[in-house]
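Engineer: Put the complex together from the two separate chains, hints included.
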Amino acid sequence: MQFEIKHIADSLGITVVYVTHDQTEALTMSDRVAVFNDGRIQQLAPPDALYEAPENSFVAQFIGENNTMAGEVLEIAGGVAQVRLDSGDIIDTTPVNVRGKGDRTRVSIRPERVEVNPTTLGAEAHTLKATVREFIYMGDVFRTKLSVAGNDEFIVKTRNRAGQERLEPGQTVEIGWLPEDCRALDA
Amino acid sequence: MATANDAFVAFDSVQKSYDGETLVVKDLNLFIDKGEFLTMLGPSGSGKTTCLMMLAGFETATHGEIRLDGTSINNIPPHKRGIGMVFQNYALFPHMTVAENLAFPLDVRKIDKAEKDAKVARALDMVQMGAFGGRRPAQLSGGQQQRVALARALVFEPDLVLKDEPLGALDKQ
Ligand SMILES: Nc1ncnc2c1ncn2[C@@H]1O[C@H](COP(=O)(O)OP(=O)(O)OP(=O)(O)O)[C@@H](O)[C@H]1O
Ligand SMILES: [Mg+2]
Chain H
1 MQFEIKHIAD SLGITVVYVT HDQTEALTMS DRVAVFNDGR IQQLAPPDAL
51 YEAPENSFVA QFIGENNTMA GEVLEIAGGV AQVRLDSGDI IDTTPVNVRG
101 KGDRTRVSIR PERVEVNPTT LGAEAHTLKA TVREFIYMGD VFRTKLSVAG
151 NDEFIVKTRN RAGQERLEPG QTVEIGWLPE DCRALDA
Chain W
1 MATANDAFVA FDSVQKSYDG ETLVVKDLNL FIDKGEFLTM LGPSGSGKTT
51 CLMMLAGFET ATHGEIRLDG TSINNIPPHK RGIGMVFQNY ALFPHMTVAE
101 NLAFPLDVRK IDKAEKDAKV ARALDMVQMG AFGGRRPAQL SGGQQQRVAL
151 ARALVFEPDL VLKDEPLGAL DKQ
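Chains as they are written, first to last, in our numbering: chain H, 1 to 187; chain W, 1 to 173.
FYI, nobody ran anything at the bench for these hints, they're computed from the structure.
Treat the hints loosely; a few may be bogus.
No farther apart than 25 Å at their CA atoms in a straight line, the calculated lysine to aspartate or glutamate pairs in the DMTMM-like style are these [stated by the list, open to error]: (1) W:K34 / W:E65; (2) W:K34 / H:D48; (3) H:K6 / W:D125; (4) W:K34 / H:D22; (5) H:K6 / W:D69.
Predicted model, so just to flag it, every value in this text is computed and none were measured.
Excised from the complex, chain W in its bound form (with noise of 0.2 Å):
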C-alpha cells in the first residue's frame, strides 16, 4: 500500500478553506497507489468535491501540499496536470459532434491529424460508442452522454481519471 514516500497520488496534510475561517477539509492524509481504484463515499457538505477539485486544480489547497508520482502540483495549472476528469459541470460541447468534443483536448496539445483521428476512434471504441461520432451531444441518450465524457477524459491517454458522481435519485441518504 503506497506511503507518503511511494504514493502515485498524495494529499500531505492538506487543508482546505473557502471563507479563511472554517475548514471544509481538515488534514487530509490520503496516499493512493498507481492503478488504485479509489472511491471518496460520504454524506452531502463532506469535502469530496473539493478534494477532487484541488486534485484538478480547480481549487488550491489552503494548507498542506499534494502530490502526482512524487511532484508537488501545487502550482501547476490544471490542463497541465494530465489528469482525465469526468465532472457534471465539464459538460460536452453542445455545438460539436461527439468526434470534435473528443478532438478537442487534442487540439489543445497540437497533435497531427491522423493521429488524432485514431486517438478519438480509440477512445469512442472502449466506451462502445464508436459508431455515433457524428452526432451531436443532444442525439444521445444520458448514459451515451456519460459513455462521451468519459471517453473525452481517455482520449490522451492520462494516467489519472477523476470522476464525480452528484448526487443523484439513487442516493439512500
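So that you can see chain H by itself, here it is in the shape it has in the complex (with noise of 0.2 Å):
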C-alpha cells in the first residue's frame, strides 16, 4: 500500500507531503525527508545524506540505529577532531557540530560501519578493545552488543556471510571503524 502511493505519484507528476513514524518507509520512499522536533526542523535531507550524515545528536539517535559515547575534544585540524573518550580512548572522529579543543561531544557511529577483528579496514582504521555481552542471530544479520569505552550498549550488526564468525558473551575482540563513519555531534 505505502508503495503504491509513491509509484503512483512518480507516474503521474504528484506531489506529495507525506507524515509516517516508519522510518523504513520514510527512507525508501522519500525525495527528502525532513526531521522534526519541538516544532522545527532538524534536518532536511535525501535520506542517505540523513542517515549517514547526520548533522545532530537529536538526528543521529532518531533515524536508525546509533551508538554514541561521550567525550571532549582535544584538537581539531585537517579535518580530523581528536576525541577523549570519558573512558580515557582516544579517536580520530569527523567534525560536525563540535567547535574546537575543550568542547563536549557525542561521538556517534552507525552499528554496521564498525567490523570486529578489523582487518580488512587499512591502516587509518581506529580499534578499540570490547567485550562481548550478547550475541543475538537475526537470520540475515547479527546483533552483537558489546562493552567498549564505557559504553555497554555497543552494537554491532553483521553480515551473516559465509564462515562469519558468531561471538560469545565474555570474549574480548578488537573493534575498528574508519574516522570519517564516525562523527563527533553535539553534546
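Structural biologist: Next comes the structure, spelled out in C-alpha cells:
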C-alpha cells in the first residue's frame, strides 16, 4: 500500500507531503525527509545524507540505530577532530558540530560501520578493545552487544556471510571503524 | 532544489500556536519541488500534523505565509486548494459504496455522469481496487479501506497529495 502511493505519485507527477512514523518507509520512498523535533526541522535531506551524515545528535539518535560515546575534543585539525572519550581512549573523528578544543561531544557511529577484527579496514582505521555481552542471531544479520569505551550497549551488526564468526558472551575482541564514519556531534 | 521563489509548496517563516502562547511550529521554512515526495518524520507532538493541517487549510498559520504554486493560500478554503488528502480522521462514508465515496468529491465539483464514472474507475484501478466499487467500506479489509481512501484523494487529479499516517504499532519510539 505505502509503495503504491510512491509509484502512483511518480507516474502522475504528483507532489506528496507524507507524515509517517515508519522510518523504513521514510528512507525508502522519499526524495527528501524533514526530521522534526519540538516544532522545528532538525535536518532536511535526502535519505542517504540523513542516515549517513546526521547533522546533530538528535537526528543521529532518531534515525536508525546508532552508537554513541561521550568525550571531549582535544584538537580539530585538517578535517579531523581528536576526541578523548570519557573512558580515556583517544580516537579520531569527523567534526560535525563541535567547534574546538574543550568542547563536550557525543561521537556517533552506525552499528553496520563497525568491524570486528578490523583487518579489512586498513591503516587509518581506529581500533578499540571490546567485550562481548550478548550475541543475537537474526537470520540475515548478527547483532552483537558489546562493552566499548564505557558504553555497555554498543551494537555491532554483521552480515551472516559464509564463515562469519558468531561471538560468545565474555569474549574479548578488537573492533574498528573508519574515522569518517565516526561523527563528533553536540553533547 | 526548490527555493523560496520557485517552490511548488512553500512554508515561509511559518509559526503556529493553538493557545496564543506556545509555538508548536517555530519558524518553519520548507520549500518543496513540484513532483517531490517529501516525508515528515519526528517524535509525537513535534508539529508534523499541524504543518499538514495548515497546508490543507484546516488550521491557519499564526505567522508567515504558505504558498502553493507561487500563490498565497492563507485565505483560500480547504476545498478550493485542489489538494488530495488521506487523513485518518477523514473516514470513508459508511453508508455509501466505494464508488459512491469516490464520486462524492466530484459531485461537489459538478462533473457530468459519464466523465465521473470514468474518473472513479480510473482512480480505483490505480490502487488495484477496480473490482470493489460496489462494496461498502465495512466489507473491506483495513488495507483495502486505505487504498480506497487513497483513490478518493486521487480522483479529482490533484497536483498535491497529503497523507498523514498516525502513530501505529510499528513505531519504534
Ligand atoms: N487542535 C489543537 N489544539 C491545541 N493543541 C494542539 C492541537 N493539535 C495539536 N496540538 C498540540 O500541538 C503540538 C503538535 O501536535 P501535532 O499533532 O502537530 O504533532 P505530530 O508531530 O503530528 O505528533 P504525532 O506524531 O503524535 O501525530 C502538540 O503539543 C499537540 O498537543
Ligand atoms: Mg500527527
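Engineer: If a hint holds in the structure, say so; if it doesn't, say that too.
Structural biologist: Evaluation of the provided hints:
The suggested pairing of K34 of chain W with E65 of chain W holds, with an alpha-carbon distance near 18 Å, which does not exceed 25 Å. Proximity of K34 of chain W to D48 of chain H is assessed by CA-CA distance (about 21 Å); at most 25 Å being required, the pair is judged to hold. With a C-alpha separation of about 15 Å, the suggested pairing of K6 of chain H with D125 of chain W holds against the 25 Å cut-off. With a C-alpha separation of about 24 Å, the suggested pair K34 of chain W and D22 of chain H falls inside the 25 Å cut-off, and the hint holds.
For the hint pairing K6 of chain H with D69 of chain W, the CA-to-CA distance comes to about 21 Å; that is within 25 Å, so the pair holds.
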